[in-house]
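4 protein chains.
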Amino acid sequence: MASEDWQPQDEQRLDSGAFSIRTDLAREAHDMAVQDRGDDAGVPGVRMDEYEENGITTSWIRIEDDRGAQEIGKQAGLYLTLEIPSLRRQDSELQQRVADHFSREFQNYLQQVGVDVNAKVLIVGLGNKNVTPDALGPFVVKHTLVTRHLFQLMPERVEEGYRPVSAISPGVLGTTGMETSEIVFAVVEKTKPDVIIAIDALASRALSRVYTTIQVADTGINPGSGVGNKRKALNRETLGIPVIAIGIPTVVDAATIAHDSIDFVLGHLNREMNQQQPTNPLDPLNRPDVKEIQSQQISPETGQKMMGIVGQLEPREKKQLIREVLEPLGQNLIVTPKEVDAFVGDMGKLVADGINCALHQAVTPENVSSHVN
Amino acid sequence: MASEDWQPQDEQRLDSGAFSIRTDLAREAHDMAVQDRGDDAGVPGVRMDEYEENGITTSWIRIEDDRGAQEIGKQAGLYLTLEIPSLRRQDSELQQRVADHFSREFQNYLQQVGVDVNAKVLIVGLGNKNVTPDALGPFVVKHTLVTRHLFQLMPERVEEGYRPVSAISPGVLGTTGMETSEIVFAVVEKTKPDVIIAIDALASRALSRVYTTIQVADTGINPGSGVGNKRKALNRETLGIPVIAIGIPTVVDAATIAHDSIDFVLGHLNREMNQQQPTNPLDPLNRPDVKEIQSQQISPETGQKMMGIVGQLEPREKKQLIREVLEPLGQNLIVTPKEVDAFVGDMGKLVADGINCALHQAVTPENVSSHVN
Amino acid sequence: MASEDWQPQDEQRLDSGAFSIRTDLAREAHDMAVQDRGDDAGVPGVRMDEYEENGITTSWIRIEDDRGAQEIGKQAGLYLTLEIPSLRRQDSELQQRVADHFSREFQNYLQQVGVDVNAKVLIVGLGNKNVTPDALGPFVVKHTLVTRHLFQLMPERVEEGYRPVSAISPGVLGTTGMETSEIVFAVVEKTKPDVIIAIDALASRALSRVYTTIQVADTGINPGSGVGNKRKALNRETLGIPVIAIGIPTVVDAATIAHDSIDFVLGHLNREMNQQQPTNPLDPLNRPDVKEIQSQQISPETGQKMMGIVGQLEPREKKQLIREVLEPLGQNLIVTPKEVDAFVGDMGKLVADGINCALHQAVTPENVSSHVN
Amino acid sequence: MASEDWQPQDEQRLDSGAFSIRTDLAREAHDMAVQDRGDDAGVPGVRMDEYEENGITTSWIRIEDDRGAQEIGKQAGLYLTLEIPSLRRQDSELQQRVADHFSREFQNYLQQVGVDVNAKVLIVGLGNKNVTPDALGPFVVKHTLVTRHLFQLMPERVEEGYRPVSAISPGVLGTTGMETSEIVFAVVEKTKPDVIIAIDALASRALSRVYTTIQVADTGINPGSGVGNKRKALNRETLGIPVIAIGIPTVVDAATIAHDSIDFVLGHLNREMNQQQPTNPLDPLNRPDVKEIQSQQISPETGQKMMGIVGQLEPREKKQLIREVLEPLGQNLIVTPKEVDAFVGDMGKLVADGINCALHQAVTPENVSSHVN
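Protein chains in written order, with this note's numbering: chain A, 1 to 373; chain B, 1 to 373; chain C, 1 to 373; chain D, 1 to 373.
A couple of the hints might just be wrong.
Same chains, same label: a pair holds when it works inside one copy or across any pair of copies.
[Said to hold, decoys possible] Listed below are the simulated BS3-like cross-link pairs for lysine-lysine, each with C-alpha atoms no more than 30 Å apart in a straight line:
| hint | residue 1 | residue 2 |
| --- | --- | --- |
| 1 | LYS291 | LYS120 |
| 2 | LYS349 | LYS190 |
| 3 | LYS291 | LYS232 |
| 4 | LYS192 | LYS305 |
| 5 | LYS305 | LYS349 |
| 6 | LYS291 | LYS142 |
| 7 | LYS142 | LYS305 |
| 8 | LYS349 | LYS291 |
| 9 | LYS192 | LYS349 |
None of these hints come from the bench; they were simulated from the model.
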């Protein structure tokens, strides 16, 4: 019997909404909404702050009401996004800087959404520890400082500056036979945490975001609602406590890579044309960056000239066409960078350190490594 | 802060009852009881069958009532024990033979204790996957064929000969902050299995049993009841469903090694004396086996002559003396054989294959490896 | 200091000739040559046999002389290629069938290239064991039955049907500080094997080949000859003994994915047009396969209509354009399928079993798993 | 076929001299020699310095000539030993302190034995990476900062404060089919380092030393010279360059545990007798330490009274008796503490950090973790 029969993979998180180009990232959704509106007045019902520092772009987006939610296509809530394009270069100094920054902003985030400094926290590491690009959640759990048992068994020995934290990696449907949500619901009912922090590897909607973006949201984990999907969402409505999701894009499908590449090529050709004279793309002085290329406004005529009928398609249509061709050929592989082991390890360490520092006042970037192994 | 403060280890299963010499193995307890009674008439309230075949000693012990339970010092129930002294030689043919044998006997066992062929099973892999000698349970879970989700999501695609099986590795207190029992209780309430099979690495009471013995019992998991131990047992009384425990000794403490070695030396010297003439212990023709040496009846005089005051002590007292000396020196290490990685892998594979074959009629020793990876 | 400074990666094998579309696979090169020649008369100086059986396409290509080498753009030698498009479905029955088939054909191959049944073999597992998609070689070495030491130390105990085999994973430049070739040369000089079998993970030139193709060649390992590349090739000329390379594509770069996807889209649109009426690509009855789509002859007009200027480019130009755009943006990621752990494990086991059976007459598909763990 | 036939284990280092009680540690040998001589005047031909600081006992022993070598039973050379009894408590602050201390003393050591600050170094990680307690050497290699390739390929980019370092884990006979020494000789001839640093897991001669002791010596690696042992030593005589061995005891055999435990019991009983009144060994105020117990002078009468004939045996005879009894029973297991994974990881990190800091002036305890992952 083929293992495919036996493993209706649980990784729908990784490919949920496979035929949609709706992004999981509020940051992207906000940009699209602004572009659609065609003015710079901002989006009604949405507040957005953004700053860039040391190669880290930090954005805070609050979707305040239903109107904002509808405009952006994301649930109302608070979204914190860190974008660090250089993170894939594996520079350990940058990693340290990002870890410190994430820790501070995440602590800030917890205050913003009203999580008390003594609130009991359950960390949930979603994903399959045996599939490296899906193992980010379990990896973070492994490096989490757990303390709940100390508060239970020997409260007198717990020093100031700690709070009760528990952690679980519930596994995936294919390896447990149980819905992730069944296990989380069960554990929440039994151990009664005040808040959940769930870590989740995401399927990216853009090649450039893989292992370079961290999003924090208080809207919970909401798996795709396809036919036959009996799985329940993990959020405040279903669990009765806040569910803060930390999502990191780790994989991308071939159709997205193809689509993004076509767009990069179009953007590049358009830029060349507008610059009147061809330039050497390998010349560092002339080296464009991803955002510049992506922001090229390409006229329908240029699109057609360069890429024919395909070039004239809307992004949505283009991606759908590519998917519709690749899927039946079995060639719409979901892929991850070759350096997957290092990327998961580095990003997992960064997130775990950030969480540990943010949750316990006694834990600091200087002493975090002596608290956990 | 020292990590010892932060990790009041959960492995009490591995050293629970550290100052007791009561064995976890019914097979040993039965022998002690017979020895104590001093006759061959058997133990009242206890039925015992045993046979040896191809290097595998299989014993079935049924403790029928309170009288038997008291005589033997174990709860009433059915105990199946496989003893395979040669298993540590890592002979793959023997491993295959043991796997097949275990599978047949375990299937037999399930019938004996009334587990229906369609009963829904939850496999629980106890232990810490990051501590190799304690990782046996999680290893078995990883190699378990899980099917419950298929019965839930696509029952029409499940062929004949399978039953619903789910599996979880609940981790240990030190890494989750939650009692193992809290998680298991929660999951049982939510997913309602008909029976639990729990796999557990044990602290051995005898050097010779490490990685050579498998015990199956229907009396559940009953952690030590020391002061401050708030953990609940996992058994039929507490969970409302049968809990079948598969236990395998993987570690032993230094005091046990010392005690057993002293006994081996005493037995050896006694045998030498009785044989009138010294023999070469390295001569294979004269090579004794463990049971022969252990069964030597050593007179108090011989004990004293050979080993002085220590030699005169009861086994219980001797082990306690050694422990009382080693503990405060920090030298009563709990140890495992150097080949721990291979032993855990081989034993885990053997037990997982046996369980998979016993639970699903469609799974056989010939096709088991194509069902799971 | 950025780790990029410190790790001038050794994986040039994985991205050598980054700006070339020359394939590593003789099978592909042969097809291109046939297409270029425009007739079916075959390629001068090249003999080719191919058969399909049970979902496995096996081709034998012998490049007989310099003329053939020039036509095909590959060195003279014997090339055995297995193509198994379904292998990514992780069907364990298929895997077993492929393992058996590979074992037989590889044994056949060894005879063809004149490797004696008693020849002393050194297995070399190229690649970095800490980078999963590059860990195939070390994985195979780990599962290789090594026997040389037995012939050296206790020849009288070695039974019939075995030959001396040794194995090494020399690591990569970035983790040893030494060229792979330095280590292999050194070990060959010291231990004097008669033949080398080197296992190597390759960068694929086509999305569809990743983890579905195995190529055996007797032309050795020839790293890219870029500027500053001081590394010596591993082949009969440099080492004085035959070097048989087993190569498996495990990664692909984003540009290749984009290029192949564009071609798939073009082929699909072309087919649609020629079929006069649009068809549902998800209808299994109408489902095309990769080869059919790839073999579509697309006229320049169609190419231009569908894809504009880009559609008119030669494959070579198209891929180069995409690379030239993606590289400076840092978006030409080298990627591997999400299921990388399982694919490397399954393919590595398959290759190791095949080698073990082919090298030792006493080892068969039935008993191979009892020879190695 | 039994795997035991096929794997004449390479770990003789771990059990070489199985029937000898000669220690690998110069520190112990020196103490024995002093005891044998019965005066405090020191050992002729031997200079010894020792100091204790922060729970770390550091000793420097120089065996100056043949006379000293004969007195102590170790080769002439310089021995640096760190003893840290508390290291098994896994206190991360202590680990950091030991790492810093080891780094300083090892740098000092390199100067003492005349290794130039620019000398090219080859790190050799002895042992089997698949056997956790034997994986210390490969673990250190994995965490070594290698730089030789940078000096070779891009010398202009190497900053001040580094030197050329290469590293290899040659594996073990059972997994490569080649003698470790064959591989090391080959690589030395080909890459011409100025000095070798070899890391090696040792079989301990004392329970208390496992994972608590680090010895550095310039006498190389000298495997047991038993019958049929064709392996060559790795030392200055055979290789022509200095070979500095860093040895850490990671395993101990059951006989040693039994012997040490008997001695601890004897020492304890002796101490009790001399104190006239029994004391509670669990009372921390009365808690003895290992050295105090071990240094108890036990009269033959006491030995006999307490332990009969066995108690009267010389240590050498006692251990030999126990081994002779356990070996034929298959019960002289070589064991390692249950926490083997953590101990190997912690000790390996400590040694790797120490080596990295000692070899490169630009690497310090503060920045070492940004140099290697």
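Against the structure, test the hints numbered earlier, and report the numbers of the ones violated in rising order. 1, 3, 4, 5, 6, 7
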